[in-house]
Structures are given as C-alpha cells and as structure tokens.
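Peer 1: Between the sequences and the hints, there should be enough to build the whole structure, so can you do that?
So the chains spell out like this:
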Amino acid sequence: MNASQILEREFLEVRAKILEIAASLDRMDRAEGDLTLDPNRQLLDRGIDLLKSNETDRAEQVQLLFSREYNDGWQDDFDLQKRT
Amino acid sequence: MNASQILEREFLEVRAKILEIAASLDRMDRAEGDLTLDPNRQLLDRGIDLLKSNETDRAEQVQLLFSREYNDGWQDDFDLQKRT
Amino acid sequence: MYYIDPHIHMVSRTTDDYQTLARMGCVAMSEPAFWAGFDRGSADGFRDYFRQLTEVEPARAAQYGIQHFTWLCINAKEAENVELSREVMKLIPEFLDCPNVLGIGEIGLNKNTRNESIVFQEHVELAIEHEQQILIHTPHLADKYQGTRMILDMLAGHTGLDRSRVLVDHVEEHTVREVIDAGYWAGMTLYPVTKCTPARAADIIEQMGPDRLCVNSAGDWGPSKPTAVPDLIMEMRRRGHTEGMIQQVVFDNPYQFFSQSRHFSFQVPNPETRVFDTP
Amino acid sequence: MYYIDPHIHMVSRTTDDYQTLARMGCVAMSEPAFWAGFDRGSADGFRDYFRQLTEVEPARAAQYGIQHFTWLCINAKEAENVELSREVMKLIPEFLDCPNVLGIGEIGLNKNTRNESIVFQEHVELAIEHEQQILIHTPHLADKYQGTRMILDMLAGHTGLDRSRVLVDHVEEHTVREVIDAGYWAGMTLYPVTKCTPARAADIIEQMGPDRLCVNSAGDWGPSKPTAVPDLIMEMRRRGHTEGMIQQVVFDNPYQFFSQSRHFSFQVPNPETRVFDTP
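Chains as they are written, first to last, in the numbering used here: chain D, 1013 to 1096; chain R, 1013 to 1096; chain F, 222 to 500; chain H, 222 to 500.
Where hints are given, some of them may not hold.
As the list claims (entries may be wrong) - Partial chain D-side listing against chain H, Cβ under 10 Å, derived:
| no. | residue |
| --- | --- |
| 1 | 1016 |
| 2 | 1018 |
| 3 | 1020 |
| 4 | 1023 |
| 5 | 1025 |
| 6 | 1054 |
| 7 | 1074 |
| 8 | 1076 |
| 9 | 1078 |
Hints in this document: simulated from the structure, not taken from any laboratory.
Glycine included, C-beta positions come from ideal geometry on N, C-alpha and C.
Peer 2: Here you go:
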C-alpha cells in the first residue's frame, strides 16, 4: 500500500483516537484537582508532542519516552557477580 | 472521581492511543508517496495540535475541525421554500 | 437493570443477538426504518420491508421476552430518489395502525443534498398530518454538523410541530447542545470508530444532565455492537453514578419519549410481572 | 491457514476457547509456566501446577486436535522470594522428561529487582546444565526497556548459551532490534492496551523482516484475546502480504524454534493427515 492508501484506510481510526484522547483530557480538566505538575499528565503531553515529529520512528520514541532509564552499571549497583 | 483518579484510570488507555497514532503516522511516512499537501493528513496534524490546547472543550473543537462548514443561507442556495 | 434500546436494526441481526440482549436486561427496543445496505428498486420492496418491521421482528423479539416497536419512512440515502420517495411515503399511512408503530423515522439527511431536504420536509408534513412522533437521523462524520444545523433549520419552520415528540439521533459533542436547547429529545449512538464511545457518551450526560437524552446501539449489518447500551451502563457505574441516574438514561427517558405515541403499550416491569405466560 | 500459538496460558482459558482456536486453524501451542494471579505459598503448589501443565492441558487440548507443549520455571513475579524459587527449581528436573516439555520458561524480570535477577541467572544455569531451550518474559510498560537490557546483559555473560535456542518474548518497537541483532529469537505479544496491537506487530515484521520473529496471544486470566494471532493474519492479508510470508511468522518460525527441543514431536499437517484417528 502506498501512503495515500494507508491514510485512506486509517484516517477514521486515527481521527477517532484523537477525539478519544481529547475527551479524556477534557474529562481530567473538568474534574477536581490540578494535574499541571503530575508527571504522568506531563508524559502524555510529551507523547503528544512526539506525534508532531518529522522522524519516522515516532512509535519507538513514544515507547522510550514512557520507559524507565537503563543504567549499564546495574550489575555493580546490585552487587551481582557476572556469570559465565 | 477527581482528576488524579481519572488520570490513573485512563493513563494506559491514552498512552496506548498515542502509541497507535504514532505507529500509523510512521506507517504512512514509510510508504511510498508524500502526504505533506494531503488535506486529510493536515487535518490529523491540526487535530493533534488541539490536544495541546488549554481549553476544556478539546473534544468539541476536534469535532468541529473535522466537520464541513455550515452556511445559514443554505435554503436560499437550494432554492427551497421555507415550510410552516 | 432493565433497559430499552431506542434505535437498533434487528432485521440485520441474528437471533443470538436477541438472546444476548434479553439476558443483558433489554426489555424493549425500537427499530427505525433504514437503508438496507443497497438501494431498493421499488416501492413494493419497501412494502415488504414495512411488513418485516411490523410483523416479523415483533414476533422474533417476543420469543425472547423483548417488546419490539418500529418507525416507518424512506431513509435519507434512498431519499435522493424523490419520485420513489413519494411512492413510499404514500404507502406509509396504511401501516400507521400496526400495533408496534411509534411514528415516522428515521428520516433525516445523509449527504445534505437538496433532494434529501425536500423528502425530509415532506416526511415532517406527513407526521404532522397523522399526529405521529418523529425520529431523526443526523449524518455522520464531516457531514454531521452541517446536516444537524440544516435539520434544525427545517424543523424550526414547522410551527405545527410539538418538539417534545421529536428525537434527533446520533448527536455528539458538537451537536447535542443545540438539539436539547431547542426543546427536542436527543439520542447518542454508541458505535465503534465512526460515532460515540460509551466514555464520551457518559461525558455528555455528565455535562448536559440526563434530561431528554437517550442512548442506543444502532446495531445493524455493518461494524456495530448491539450490546453497547450495557457497555454504557458499566461505564457509568465505574464512574460512580447512581443506579437511578443510569436508569433514567437507559430506561425512563426512552419510556417517557415513547409514551407520547398511542401505540406504546408497554408495562414497566415490576415484581408481579411474568415475562412469559405460563403454558 | 495452520498456525501455532507459542505463548498462551490455557490453564486460565475455557474449553470454548480451545474449540474456537481449533476452528481458526491453531494446530499447536506452547504454554510457559507463569504467575497465577496470586503468589503461591509453597513448592508443592508448583508441583501441582507443573502436573496441570504436563498432564491436564495436553489432554484438554487433544480433544480439539491441538497439540499442547509447555515450559517450566518459577515466574519473575514470584521469584522475588528467592528461597521458594530455589525449592521450585529443584523440582523442575523431575518434570523435564514429560513428553510435552520444551524447556525452561517463561523466566525473566518483572520489576527489574536484584532478587529477580538472581533467580533469572539460576534458571539460565539450570537450562544450560540440562540442555534445555529457554523462553524469556520481558517486563511490561515502563519497565520493559530497562528489563530487556538487563536480561540481554545477563544472557551475554553465559558463554555456554546457544542463542538460537532462546526466545525473548513481549518485544516491542524499542526492544526488538537489540534482541534480534544479538542472535536470539523474538516474540511479539498481541494484547489490548498494554502490549502490541496486530497493526503494530505487522509494522515490526515489515521493518525487521520475518526471520526469527514469532507472534503470540499470551491469552490468560486477565484482559486478553486468545484469538489474536488470527487477527494478525487478517491484518497482514489486508496489507497485501503473501500467504507464504504470513505462514512463516505464524507457523514456520515457531515450528523451527521448537524443533530444537528433543520433545517437539509434531508432524506438519499435510493432505494425508488425520487430526483424529477413526474410532
């Protein structure tokens, strides 16, 4: 499938997901409490920003955004002996 | 439910929708053809922009964005007589 | 919880669906006349369809303890053919005495054309002439906003219309307020991808209040979920709404709206009710 | 199309699911030992679970013409209890001769803790000692990237390990490349909300190529869809992939991976095959 065919096939699905995210964010805003400083609410905004990226690895970037950091010295931190 | 409870309940759902939109956009970019000037592709970008709005009627704004215009002179344009 | 699905196309559904709906608490439903997935060729084809809606489906539903009501018209899609539409409209009066007919519907617009508008107006006049209630289909997706406004414009022109006897269906975030504020009933259709989700319908109920709002599944021959009303019930429960508030939307409201129709002979279930007569 | 689900928890599923899977073309499946939804209290509880995996499920599956294989271990969640884990690991060798056991799994990490890492390492050593294949669970959501990297670090330390006999499961966009590039097999789990969708799995197959990639449903007692592999087949067909390409992912790959296990006695269906013996 070329790009136009994919867009035609998926336009309504993507439109529906945008609408559902909009409704979720509205719902949080209408409820009591301020989420401005909530790390998870901020993560969602940063995820939305990645959708505007011009790269073609947005999905991987979104995955990494929502991931804990990896530290390659973790085995020393855990005081684990390396096995062979 | 307060805002934090809604966020906690819906965080994974919204995260999944962002990820799926990202994957759809990547898919279009990987395929043959340039959608830069495609009106529907542009609509999706404008819909994503609305998710960053600070208003609490994002869902309604997204709906209007994806709607054809209404012209209140349509009955004259159609040369329809008004009924009573 | 007992509920009524005020908009579901059972001619397109299986008896398994009837079974499931009955087990989920559906006690009554109404089925507006609609497009069959292809354009019918003759008024006689519509006569058969109206017989299916007034004879066959009530009997099919009764097997599962569900009371089936219906609405008659030629739908907006086939209304593009004005000549055929007028032939079909001439048929309708002979069916208005059938015991399960609640009124004229689902009339409305599809692509918001001139012909659709003409046939819509003539249906409204037919309904007023025969003192029938009206159930209205609004277009989907990009056409919804424009089409809903056009429908409200046309309805406003009919001074003989009792707005409390008209339900405008398929409302969403951008169309619900004008419909309710103008004094009509409004229906929300729960449908995957192209219409409203249970979560968004619950949002609208929370924002508008439950008065004059109904929800339906519009289950038909396309991608749709006939059990969508129970999905809304579950969503509203999860959000902490009371059983009474939920019941108002899924039972009391359609009951009250339908009760304005002379053919709505429905007994609200109570502890003495027997769904099936003993043999 | 015949397919193999290489990761599905049938102890948690109904016989209706077995029926449906058989009708959708599932001819074999493998069920790794996993968490039961609660932490078990004793090694004896695990002995019962291993009997269920090696005796009960193969018999249940056979009724529907499906061949059932399994993997044994104590899962990452209960591995937080190192003492219990060591008792359970002592049990495993006595079950390794059961005719449906393919190896050790699903071992891995859950919250990426020190105890989980210790038990993971000891399982790997057990597998090497008994020349068993390994099936590995990677953590979900925020823990996946970190946990997958930690698992690859630990595996890299075992010079006696044949990487072509190890499958790292639940890979997604950000973890698949490192797993495949390091010479392991990779599994994608199709799961609503928290894991991979059929569309995203198809994307990954298109980008990585089909070699050493498997897909599974991981159907279990939580929200999951045991028929997710047929969903992927349909998605790949819709995108225009050939039947041969799809079959490589859903049948040939798990078949080839499993064939390295001495207990994988499975006959590829052919026109002469009888699924059930005549009585």
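Peer 1: Work down the list of hints and note, for each, if the structure agrees.
Peer 2: Status of the hints after comparison with the structure:
1. 1016: Status violated, d = 15 Å.
2. 1018: holds (9 Å)
3. 1020: violated (13 Å)
4. 1023: violated (14 Å)
5. 1025: holds (9 Å)
6. 1054: violated (14 Å)
7. 1074: With a minimum Cβ separation of about 8 Å from chain H (threshold 10 Å), the hint on residue 1074 of chain D holds.
8. 1076: Status holds, d = 5 Å.
9. 1078: holds (6 Å)
Of the hints listed earlier, those the structure fails to meet are numbers 1, 3, 4 and 6, in rising order.
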